[in-house]
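Sequences are here, hints too, so could you generate the full structure?
The numbering used here applies: residue 2 is where the sequence shown begins, and numbers increase by one.
It should be emphasised that the hints constitute simulated quantities derived from the structure, not laboratory data. Since this is a predicted model, take the numbers as computed values, not measurements. Each hint should be verified, as a subset may be incorrect.
Derived CB-CB ranges, DEER-like [to be verified]: (1) Lys167 to Thr21: 47 to 55 Å; (2) Ser99 to Thr171: 25 to 33 Å; (3) Glu177 to Asn25: 36 to 44 Å; (4) Glu36 to Phe151: 34 to 42 Å; (5) Tyr80 to Val183: 56 to 64 Å; (6) Glu36 to Gly88: 17 to 25 Å.
Using N, Cα and C, we set each Cβ at its ideal position, and we do this for glycine too.
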Amino acid sequence: VHCTSEYSKITPLEGGEIHTSLVNGRPGVEKPSLELQKFTRARYVRLRLISPRTLNADLMIINRQTHRIDRSVTMRYFYSISDISIGGQCICYGHAESCPSDPVTGQFKCECRHNTCGESCNRCCPMFNQLPWKPGTHEHPNSCQQCQCFNHADSCVYDEELDNNKWSITPEGVYEGGGRCVDCKVIG
Numbered sequence: 002v003h004c005t006s007e008y009s010k011i012t013p014l015e016g017g018e019i020h021t022s023l024v025n026g027r028p029g030v031e032k033p034s035l036e037l038q039k040f041t042r043a044r045y046v047r048l049r050l051i052s053p054r055t056l057n058a059d060l061m062i063i064n065r066q067t068h069r070i071d072r073s074v075t076m077r078y079f080y081s082i083s084d085i086s087i088g089g090q091c092i093c094y095g096h097a098e099s100c101p102s103d104p105v106t107g108q109f110k111c112e113c114r115h116n117t118c119g120e121s122c123n124r125c126c127p128m129f130n131q132l133p134w135k136p137g138t139h140e141h142p143n144s145c146q147q148c149q150c151f152n153h154a155d156s157c158v159y160d161e162e163l164d165n166n167k168w169s170i171t172p173e174g175v176y177e178g179g180g181r182c183v184d185c186k187v188i189g
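Quick look at the structure:
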C-alpha cells in the first residue's frame with residue numbers, strides 16, 4: 002500500500018499533475034531484487050479520492066444568516082481526472098527478457114529462458130529439474146539444469162533426498178543435484 006497526502010495542497014487547483022514512484026527510495030532500486038519485485042507486484046490498483054478541498058465553502062452562509070449554513074455547496078465539488086498512466090511489467094521471475102501479448106487472447110505471456118516453463122517461468126521444464134527452481138537475478142540467472150536420464154525418460158523431478166546424498170548424476174558425470182527420472186522406459 003502506498004499512501005500519500007503530498008498532493009492535497011491548495012495549489013494547483015487546476016492542471017496539476019501527480020507523479021509518484023513506488024520504487025524510489027526502496028531497497029533494490031539500483032539492482033532489481035526479489036524484495037523489490039514483491040513490493041511492486043499489483044494486479045488491482047485503487048485510487049481513493051477522499052475529500053476535496055472546499056476552501057471553507059461548506060461554511061457558506063445563505064442570505065447573510067449564520068444559522069443557515071448551506072452544506073449542499075460541497076456536493077457541487079468534484080474531482081476531475083483526465084489521464085491515468087500506470088507502467089508495469091510481466092512477472093517472469095527474472096527468466097524472460099520480454100512478454101509479448103498473444104494476438105488472439107490479448108494476454109501477456111513470458112518468453113521463458115534458462116530452461117524454465119510456465120506462464121510466468123515459475124517452474125523448470127520437464128527434463129531440467131536437476132536443481133530446484135529459483136528466480137533469476139541480474140547476477141545469477143539460476144538456470145534450470147538438465148537431468149541425466151540416458152534417453153530413458155521424457156521428464157524428471159527434483160528430489161531433495163537424492164541431492165542431499167549425492168545420488169544423482171549430471172549429464173557432465175558429476176554427482177550433484179537431485180534429478181529423479183520419471184517413467185523410465187526400456188530402449189531396445
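Verification of the supplied hints:
The beta-carbon spacing between lysine 167 and threonine 21, approximately 51 Å, falls within the hinted interval of 47 to 55 Å. Hint check: serine 99 to threonine 171, Cβ distance near 30 Å, so the stated range 25 to 33 Å holds. At roughly 41 Å, the beta carbons of glutamate 177 and asparagine 25 sit within the given window of 36 to 44 Å. Between glutamate 36 and phenylalanine 151 the C-beta distance comes to about 41 Å, which sits within the given range of 34 to 42 Å.
For the hinted restraint 56 to 64 Å between tyrosine 80 and valine 183, the CB-CB distance of approximately 58 Å keeps it satisfied. Between glutamate 36 and glycine 88 the beta carbon distance is about 19 Å. The supplied range of 17 to 25 Å therefore holds.
Taken one by one, the earlier hints all hold for this structure without exception.
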